[in-house]
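Protein sequences, first through last, are from chains L and S. Going by the working numbering, the residue at position 31 of the first sequence is 31; the numbering climbs one at a time, nothing skipped. Going by the working numbering, the residue at position 173 of the second sequence is 1173; the numbering climbs one at a time, nothing skipped.
No wet-lab data here; the hints were simulated from the structure. Wrong hints could be hidden among the right ones.
Quick list of in silico lysine-lysine cross-link-like pairs, BS3-like style, CA-CA up to 30 Å [to be verified]: (1) L:Lys94 <-> S:Lys1010; (2) L:Lys99 <-> S:Lys1010; (3) S:Lys1006 <-> L:Lys99; (4) S:Lys1006 <-> L:Lys94; (5) L:Lys34 <-> S:Lys1149.
What you are looking at is a predicted structure, and each value in this text was computed from that prediction instead of being measured.
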Amino acid sequence: MKARALAYVILGVYTVISVYPFAWMVSGAFKDSKEVLRSGNLIPENPTFDTFARTWGELDFVRYFGNSLLVTGGTTLGVLVIYSLASYAFAVLKFPGRKAIYTGFIALLFVPGITVLLPVVILQGELGVLGTHIGIILPFVNGTAPLSILLLTNGFRSVPAELRESARCDGASEFRTFVSIYLPVCRPALVTIALLTAVPTWNEYVLTRVSLGDPATYTLPLGLQSLTATTSPQYNVIMAASLIIVIPVIVLFVLLQRYFINGLVGAVKG
Amino acid sequence: MEVSHKRRRKLREALTGYAFVLPALVLFAVLGVYTVGYGLALSFARWNGFSANWIWVGLGNYRDLLYRDETLSPIVRDAAVNTAVVMIAVPLLAVVAGLPVALALNRITALRTTLRTVYFLPYVTTGIAVFYAWTYVLQPEGSLNAILKGLGLGTLAQPQGFLGNPATALPTLIAVLAWSSIPVAILLYLTGLQSIDPAVLDAARVDGATGLRTISAVIWPLLRPITAAVVLLNLRDALQGFQMFLVMTNGGPGGHTNVLGLQAYNLAFFSELRPTLGLASALGWLLFVVALILAAVNVRVLKSRT
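Let the sequences and hints guide you as you build the complete structure.
Written as structure tokens, this is what we have:
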């Protein structure tokens, strides 16, 4: 009984720690510009929706939101198409060099992002895509290659070989087998990959910051960062912008957390 | 007839295989192999990003970073020390906080799923938005100072803000980093706990083991592979990640929170016209070597567990 009480105390304390900055994010976003300067209370005295509306409209966050959707959507789609094809080949088809190529992709996992960041930016310049969305989508796609290939190859391998045999007996082509049998069977793994790609891309700031120069192309993290560049940052606006970034992630996570959790456990065990 | 049919089928399968990996391979060749080769070459050269030619300096950049350059090498050394501190503290915190929370979570039935969701939020949302939320609560007029004063712990409050005081800045960043990485530790420990055979725990109870004794003598050894995974995962993140440092302090105050990744980033992109790109590349490769050593240790640990 004592142990159970202790368990509830630990869980209660950790709940507070977990939500602490989120609570203040919401609180700050609904304070007016005077109240936010004082340390004040968690519950705003005169809660206002104005900051939120102004950040969304006047401060162009609706545009940044669109850009973020475009970059995240493009990256996720690219990852799903390119690496499900490759993983199918690695898992199912036999061809010379298969193992070597697979190992090459997985080895990329050990190269820290910062090691290739500068060459990537120089390459963007040479290819003429520096400052464009496609210029950041391509490296983002390539960056998830090891994880996607690892998880999807495992997923495709677990599909019974008889399914492919019988499809072949029915005269289905390889591509047809892939699309109408393997993809539907492995849908959970695909959703997992989509999530594990989309969320970090939505939040990405390090490469984006040195690639995108024109404010019209900014994604949400850059839009948020540009708010803090002024001499006196207004935390109510900054928190409203932060909320705009965080809410879609939370909604996605709450709806699809099963896939998230399976994916993370799978990534560590794989 | 039969043989040639079989051979043709094999050839066709191989060609299909190549066609399927081709898009991934093209991307990999351009963004993986090319950039890695380019970066490695650049690490042996001096260049400011604008001049027409590289000046080859051999191992000069590595020497400058490690000991030769009198202004740069002490900065790198301090950043290395900070990185090492983060690499020790964050995995330790992940284990020390992750395991008790997972044990507690495993003990209750009501609310377990809800709490797991709540605990996971810091991990999935990690990024610039959350870093600014922390900056907001940690600033001089922020809520953490107010709470400490309200609790009568005013002596612990930081009038300069927790990120403004050189003595508290790094520990504060470590705490925030731990906050966003503990969720994965909790999740992995929870999966581990749920896979422990209840009969083993019953046996311990029959033998008269108390709760704490069961944890230290039975559960902790059984969860050792998970602890290894948590530590290695966090070591890697602590070595490579610097986004939080970039957003919350950019290495300040006075270089007290500079880490190696951030140093490389600033050498690469924020050095104006000074010829530091080779240095940035060399520093990136030094990080790669450390990452490789960690990976080798990783493989060894994973092998020894079976």
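Cross-check of the supplied hints:
Using a Cα cut-off of 30 Å, the hinted pair Lys94 (chain L) and Lys1010 (chain S) holds, with the two alpha carbons roughly 8 Å apart. The straight-line distance between the Cα atoms of Lys99 (chain L) and Lys1010 (chain S) is roughly 17 Å, inside the 30 Å bound, and the hint therefore holds. Under the criterion of a C-alpha separation no larger than 30 Å, the hint pairing Lys1006 (chain S) with Lys99 (chain L) is consistent with the structure, at around 22 Å. With a CA separation close to 13 Å, the supplied pair Lys1006 (chain S) and Lys94 (chain L) stays within the 30 Å bound.
A threshold of 30 Å between alpha carbons decides the hint, and for Lys34 (chain L) with Lys1149 (chain S) the separation of about 22 Å falls inside it, so the pair holds.
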